Each structure stands twice: as C-alpha cells, then as structure tokens.
Amino acid sequence: MSARIRKRPERLLAQPAIIMLLVWMIVPLAMTLYFSTQYYNLLYPGKSAFVGLENFAYFFTYPSFWTSILNTIILVGSVLVVTVVGGVLISVLVDETFPGQGIVRMLLISPFFIMPTVAALVWKNLLMNPVSGFLAWVWKLFGATPVNWFADWPLFSIITVVSWEWLPFAILIFVTALQSLDREQMEAARMDGARGFAIFRYLTLPHLARPIAVVVMVEAIFLLNIFAEIFVTTNGGPGDATTNVPYLVYTQALLEFDVGAASAGGLVAVVLANIMAVFLIRLIGKSLTEKT
Amino acid sequence: MTRRKHNQTARTIRIIASWIVAIVVFFPILWMLLTSFKSELDAFSMPPHFFFTPTLENYEQILARANYLHYAWNSIVTAGGATILGMIVAVPAAYAFAYHPTLKTKNILLWMLSTKMLPSVGVLVPIYLICRDLNMLDSKTALIIIFALINLPIMVWMIYTYFRDIPYDILEAARMDGASTGQTMFRVLIPVSRGGLASTALLCLILSWNEAFWSLNLTTASAAPLTALVASFSSPEGLFWAKLSAVSTLACAPILVLGWLSQRQLVRGLTFGAVK
Chain C
1 MSARIRKRPE RLLAQPAIIM LLVWMIVPLA MTLYFSTQYY NLLYPGKSAF VGLENFAYFF
61 TYPSFWTSIL NTIILVGSVL VVTVVGGVLI SVLVDETFPG QGIVRMLLIS PFFIMPTVAA
121 LVWKNLLMNP VSGFLAWVWK LFGATPVNWF ADWPLFSIIT VVSWEWLPFA ILIFVTALQS
181 LDREQMEAAR MDGARGFAIF RYLTLPHLAR PIAVVVMVEA IFLLNIFAEI FVTTNGGPGD
241 ATTNVPYLVY TQALLEFDVG AASAGGLVAV VLANIMAVFL IRLIGKSLTE KT
Chain E
1 MTRRKHNQTA RTIRIIASWI VAIVVFFPIL WMLLTSFKSE LDAFSMPPHF FFTPTLENYE
61 QILARANYLH YAWNSIVTAG GATILGMIVA VPAAYAFAYH PTLKTKNILL WMLSTKMLPS
121 VGVLVPIYLI CRDLNMLDSK TALIIIFALI NLPIMVWMIY TYFRDIPYDI LEAARMDGAS
181 TGQTMFRVLI PVSRGGLAST ALLCLILSWN EAFWSLNLTT ASAAPLTALV ASFSSPEGLF
241 WAKLSAVSTL ACAPILVLGW LSQRQLVRGL TFGAVK
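Chains as they are written, first to last, in our numbering: chain C, 1 to 292; chain E, 1 to 276.
For reference, chain C alone in the conformation it holds in the complex (with noise of 0.2 Å):
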C-alpha cells in the first residue's frame, strides 16, 4: 500500500511531456478541420463563412491536387526503392573488416548530415548545371550532349538528390543491424560450401528483415514531408511537375492565403501519412513487447 502511494508522484513526471505533446497534436489539428469547412482567405479577413466540403470539393476537383498525389507517392517509392535496395548491396559491400573501413563508413554516411537546404542548391548548381555543372563535364567527356536536370527531367532530380540525402540512414542502420549477424552461422554455412549469394539470400536478408522495415517506416515518415528540396529547386515547376502535397499546401496557405483550401489539403496528407503510420506503430509496438 504505501509502495504504492510512493510510486505515484514519480509517474507525474511523464505529465509534462505528454500534455505538451497533446497540446501540439489536438489543437493545431482541431483547427485545421474547423478551418477546412470554412471560407477564410487572409486576404479577406472579414468574409470567412461556414461551407462545409466545398473545400474539399475545391480540392478534389483542382488538377494540381491529383497530380501532387501522384508525385508524393513516386517520391516516396522510388526514393525507398533506391535507398533500401542500394542500402543493402552497399552494407553487405562494406561489411567486412578491410583498412580504411572506418573512413570508408564515415564517406559512405556523410550526406545524411547535410541540412536539406544545402543538399538541394549543391546538387541543382554545382553538379546538375546543364553548363557547367560537374555532371554536365562528365557527359561531354563521354561525347553526350550535357542534360538540363532540372528543367528536363524535374521529378527525377529531384528523386536524386533526396535519395542522396536517405542512402545514408539507410546504410548506417543496415551495417549496424550486420554487425550482430552471427558469424559462426554463417562460417558453418560456408564450410557447407554455400556460396556467396545463397548466404546473402538465405542469412544476410532474413536478418535484415526487420531493419528494412524500419527503414521503409523511418523514412516513409520524413519523406512525406519533403518540402525544402522542391523549395529551393524548382519552386514545385514547371507546371505542377515536382508539386508534392506538402509544397501544394505551402502554396495554398502562405501564397494563396487561402486557410480553408490549405487545411482541406493538410488533411489530406494527415490521412495519407495515418495510412503508413498503422503500419508502423503495430511494428515497433511488436518490438517493444518482445523484449519485455
């Protein structure tokens, strides 16, 4: 009884972090689904009305909208494919003990640690330059005709560069997740003569199962959000060719100055991000009870 009584302040402790956190998701929530049946444009502060789905019904049928659906979900992809795919061959790659290892991971990590702002300019001006971007150099050295990333090929630059950003994390959780890998196992299977891809197939990816799943959540989750990359390349252009959800909302809202349209497509992305997020909770939720 009293270890009890004395066990109860101590869980007040949790109480500061978790109203903050409640206060941080329910109210700016709640106000965006009020404002998403509204009309409210800033610019007209006087004028909101109550209008229920209309800005819904803006939003559905705006063909910006489908089309910036559309490029999240190739964002999303292909960024995850490039990453976990190219994650894997790389950390298997580097796996075992050589000189120079320790250099090799830092290199090979690097870019994980660049701010998003950076990343983008580099790679758009000093590589990706149509004239005298270092790629542009490379092209001609092999007598190509040098391509306008940018301008030709929007999306896939763009892909590029955030795949850039990602490959990292997606190495350093694999070359950790090898690390504990038990190689007596895979010696024996050698001595069974099994060679190099039937390890890879039958013990290196069962065990990176479960990393490759984080991996996927992990980024699943930052990637929604991609916004600084298409901000300061390709302000969402040409056309609405690189506009993802969130830099369509960024438009309505702090271009536009439309709130009603903007919280209508904020919503949008919320059920798109719960979607994932399902997924990802019932996955860590099972770590958490297999190791207590």
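The hints are simulated quantities; they were obtained by calculation from the structure and are not laboratory data.
For clarity, every value in this text was computed on a predicted model and none was experimentally measured.
Built from N, CA and C at the ideal position, the CB exists for glycine as well.
Errors might be hidden in some of the hints.
Stated by the list, open to error - Which residues of chain C face chain E? A few of them, derived with a C-beta cut under 8 Å, are: (1) Arg11; (2) Phe35; (3) Ile90; (4) Met106; (5) Leu126; (6) Trp164; (7) Ile173; (8) Arg183; (9) Ala209; (10) Ile212; (11) Val249; (12) Leu254; (13) Phe257.
Said to hold, decoys possible - Derived contacts from chain C toward chain E, CB cut-off under 8 Å, selection only: (14) Met25; (15) Leu108; (16) Leu121; (17) Leu205; (18) Pro211; (19) Val259; (20) Met276.
With chain C held as given, fit chain E onto it using these hints.
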C-alpha cells in the same frame, strides 16, 4: 591454393569497390568544399578546374557581407535551446515510463511515436496563425518550442531504451540509503546513463540544426537560422556558386563532425530502439 588466390582477388576487388562507392557518395560534399576555395570565375569554369589557386575570399565575404554570424547564432540558439528544453521534459518522462510503468505506458509510448507521423503541413496553417496572433512569427522562441516538440517523441523513446538497460537494483540501492527521487535521478541515474543522454541530445541537436520546414515557413530575417540563409542563395540573382559553397560548408561542417563521432549511437534513436 588457387582457391586462396581466387579469394584474395575477390577481396581486393571488394575493397576497391567499397572505396569507389564511398567516394562517389561523398563526392558532392567534397566538390562543395573544393568550390568554396575557388574564385567565382574558377567555380563556373568548364571544364571544371581540379587544380586552382585556393582563396579565402568567399569565406571573408560571407562573414563580412552575408551576416553569416547572425544566422549561425540563430541556429545555435534554436537548436541548442530546443535540445535543452527537450531534455528537461524527456528525461523525467522516460524515467517514469521505464521505472514506474502502468498498464497504459506502452500505449502512451506508441501514441507519442504516432505524433511524429503527423505531417507538418497538416498543422502548418494553425501554427502559422497562432504564431502570428502571438506575435511570434520570426521569433527564436517559437522555433525552439517547435523543434523541441517535433523531437520530443524520439528523445523520450531513446532515453527510455537506455534507462531500460540500467538495472533497477542500482536505483533501489540508492533508495535504501534514503535518497529522494530527485537525488536518485541526478546522483545515480543521470551519471550512469550519461553516454546515452549525450547521444540523445546530439541527435536532437542535429535534427534541429537541419530542420527546414518550420524554419523556412516561420522566419524571415531576425530569427532565420542557417537553413534559411542557404535557401536565400537559390534566387536567380544570388547565383554565386563559390559563396554558396562557402556558406554551405560553414553551415554543415560542425554537424557533420558531430555526426561522425556519434554514428553508432544515433541508430538507436532513429529507429526508436528497434535496431541497436
């Protein structure tokens, strides 16, 4: 014998391949670093100059004209402030979850995680309006609070996994000696887990330093951190590549070094403890 030789060749190829991949991945950063020491003329030249007379001119101009230190200070204050605020809130919470769990603890932890999945754009409009009405647009305080909040779930989780690894007996022993909760936390728990706490703080610092959605949308000048300064180089009239490179190098170097030093510990935080 031939088998051994074959293995040796395979190994060499593998090492060379590893180095090539690493250099390709790192190349954009290396190129940025090189360009930052070029004159603007060298930076634009085609074919690119690999050998050139290095100059510090860009760095001097950035420090003198672009008001670099103002933005750097904003980055330090916002990222540092968010880290301190986050730690103050996260450590007690993780303590409660790790040592005094209730039936609801698991669900609360998962719920915290789920707030991380709320996309920023979903709350962009209300946060913008709240900041406007509180006169907190372009204010460092707003950024500190927001950065702390978006990293709080990760921090609580990360510290929670560290605390869970510490045997409760240690705390119990302190308790037997008559230490209060505060004393147990400050004299025993925090010293024992300082490595884990340091990497948690570091992760928060790195993520806040590089955060670009809120810093671009909520600041204009007086509170703008380095991400915003770099973004200002995207305007067509701002196309000075050597200066862009110098600013970028200065903005990224400290975080890159911190990242190198703490790579292993970051894994735990970034995967919410699922990969160690």
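Hint-by-hint comparison with the structure:
1. Arg11: Holds - the Cβ of Arg11 (chain C) comes within 8 Å of chain E, reaching about 5 Å at its closest.
2. Phe35: Holds. Min distance 6 Å.
3. Ile90: holds (6 Å)
4. Met106: Since the shortest Cβ distance to chain E is 5 Å, the answer is holds.
5. Leu126: holds (6 Å)
6. Trp164: holds (7 Å)
7. Ile173: Because about 6 Å separates Ile173 (chain C) from the closest Cβ in chain E, which is inside the 8 Å limit, the hint holds.
8. Arg183: Cβ of Arg183 (chain C) sits 17 Å from chain E, so the hint is violated.
9. Ala209: Because about 12 Å separates Ala209 (chain C) from the closest Cβ in chain E, which is outside the 8 Å limit, the hint is violated.
10. Ile212: Status violated, d = 10 Å.
11. Val249: holds (4 Å)
12. Leu254: Holds. Min distance 7 Å.
13. Phe257: violated (10 Å)
14. Met25: This interface hint holds because 5 Å falls under the 8 Å limit.
15. Leu108: holds (5 Å)
16. Leu121: Result: holds, 6 Å to nearest chain E Cβ.
17. Leu205: The hint is violated - Leu205 (chain C) has no Cβ within 8 Å of chain E, the shortest such distance being about 16 Å.
18. Pro211: holds (5 Å)
19. Val259: holds (5 Å)
20. Met276: Met276 (chain C) check passes; min Cβ-Cβ to chain E is 7 Å, inside 8 Å.
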